[in-house]
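Residue-level listing of the chains:
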Amino acid sequence: MNIRKLAVQLLVGISLTGLSIAGTLAEPIKIGVIAPLTGAGAQWGMAAAEGVKILAAETNANGGLDIGGEKHQVEVIAYDDKYQAADAVAAYNRLLNIDGAKYVFLVASASTLALKQNLEGDAVLGLTASVTDKAIDEGSNFMYRMLRPPVDYMPPFLDWVRDNVKERRVAIVNPNDETGWSQAQLTERLYKERGFEVLGIELYERAQQDFAPMVTKIQGLNVDIVELGSTSPATAGLIVRQARDLGYPGLFIKVGGTGAEAIVAGAGNEAAEGLVNVIFADRQNEGFRNLATEYEKAVGQQPNEYIVNFYDAANVLVQAIQKAGDADDAAKVAAAINDVLPIKSVQGGDLTLRGAGNREIMAPVYVGIIKGGQVAVVAEVK
Amino acid sequence: MRKTYLAYLIVAALATLPWVVGGRYVFHVATMITIMIPLALSLNLMLKVGQLSLAQAAFMGIGAYGAVLLTMRLDFPPMLSVFAGGLLAAATAAICGPVFLRIKGVYFALLTFAFGQIVNLVFQEWTSLFGGNSGIYGIPKLSVFGMRFSTTQHYYLFGLVFCAVCYVALRLLERSEIGRIFQALKEDETLSRSLGSNALAWRVAAFVGSALIAGIAGGIYGFYIGFLSPDAFTFWLSVDLIVMNVVGGATSVLGPVLGAIFIVPLPEFLREARAFQLLIYGVVLIIFLVLIKDGLVTLFERRKPG
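Line by line, the protein sequences give chains L and G. Be aware that the first sequence starts at 1, since it is given in the working numbering, and climbs by one per residue. Be aware that the second sequence starts at 1001, since it is given in the working numbering, and climbs by one per residue.
Be a bit skeptical, because a hint or two may be false.
Which bits of chain L does chain G cover? Going by a derived footprint, with three or more residues having C-beta under 8 angstroms, they are [to be verified]:
#	stretch
1	77–86
2	108–118
Residues of chain G clear of chain L, computed beta-carbon distances all greater than 10 angstroms [what the hints assert, rightly or not]:
#	residue
3	Gly1023
4	Arg1073
5	Ala1091
6	Arg1175
7	Arg1271
Rather than coming from a laboratory, the hints here were simulated on the basis of the structure. No residue lacks a Cβ here, since even glycine has one placed at the ideal position from N, Cα and C.
Turn these sequences into a full structure, and let the hints guide you.
This is the structure in structure tokens:
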């Protein structure tokens, strides 16, 4: 009889415990990441996905997100878009339709522009790393940018160059495409406004590997700064190495985009010495090092600097969801982003909201100089 | 013959699957299949005359950009633009064809590869018209007689109709006198010419027809995805079309249809595998090519020579 009573009590106890757990552990909050996880852009995409996942894991380790007394776990689902608009649309439809995500992180401009209308129509909140000015316009209610765009950080970056570098004669080098043209136009204006003498603008084809003719021409201009613009880090490394081989002794500056490690890898420590580059993450910073350790555990490599921006943006999103008190209403969450900022970046410094339509989350940007094959942060770009 | 009907039955059943399963994601994958089937068929048409064209992605791009720009810049009705885009691609093929098709075999493949690269570069560099690498966005939805294609289902239905039209047209062509001329050109051009057929003219006709189909498919793609950039029309798309023809079987019009139905959703089935997605995709392709050498179509149709 006693055993029977005990069994009944146990069963009731187990059932009540189960009900109690079911009551407190609510539906997980699903966050999608659409990024190039394979191919040439995989370093960016992997850093993006892992940055969001690390933040989610930390949130879950602290018991999850508390919304109206209910604890929600945060689940991150990352899909590969292969830098293709059609793949991004497929991934988006799957996230929305199968996975039930209401929040999407985006890396590529093509994916951002392809999904822009969908986000607005479906009331899904998107956070993009795309710096194209077309990503956010007057009709954007559900799109935020998580990076400082070049137009915002380049003027103060070049102010630092003006105040700290004695050289003044510049040649600007850029790829011969739309990105390169607009970059060349912008940097020419900004350098001239700061009293630099722009003596030449050289454009090359993206697939080009032999830069000897271009470098020879630049040497003929007698410049002491070569601005590498939006040249990809790998190509920048090639240009630097070939220029040094041909005897160019001057300074290299790269204001359009990060990737100093890849430049060193391509050019070699000696050739890259002294190169001034904009960087999004201070690799010596404790916050970055912690992220890098987690990334290395998951992926087995060092992360791209992007990991900081995606981690920070995920932090903003998670806090906004909590502030909004409703994980299903992306409009409320979008409104709450305004309320939760400014907050601290994982690297220190404040994340603030400004820019196009007050929809750009401004993260710290630094001036980096390559010294002995390592990137040393010498200043923060205000 | 019965087996062919079985294939039709399977394809028809698969075509209704999105309504059975439901959901925008399934309709999206199905819509992409209906866009890729005509493209695979357009390559198949060129294979019928014994020429491997790597220009299909370029024709798709010409159709896509042409259709979208006609609507966005010149206010053409979207549906009219889709077909005008196809005609633009066909006109391009009609201009280039007489030059390109004097060359045969691997040289023709290389020439069409170069053509595709040039077209893609034009999309990239002529930014004032094509938007460059940033592409064209904010493309309106398709509409016909005032009815707006507001859901993925609308595009799927339209894609299905276009697939059916292309399939029937090419099937009739395959079984007609013209089909036999194409086959003769492919198998023994000298003999065919000695019997009076104008090899160049027939090849140009096939090239123009294939460009028309690819161009219309491009127009549907442009209005459906809502964003165009040169990335979507690279050489690799032409490679995908070759894979669809090989996996499905290039000897019959049914082959590329089966190939597209198999290949297009394959990466979606493998999405869960994430890190191993590309590896599994490659392994599955190798297994299929080894086990079903002449394509899926041989499961349903008697094997044809060549």
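Taking the hints in turn, this is what the structure says about them:
no., hint, result
1, 77–86, "holds (count 7)"
2, 108–118, "holds (count 7)"
3, Gly1023, "violated, 5 angstroms"
4, Arg1073, "holds, 17 angstroms"
5, Ala1091, "holds, 26 angstroms"
6, Arg1175, "holds, 34 angstroms"
7, Arg1271, "violated, 6 angstroms"
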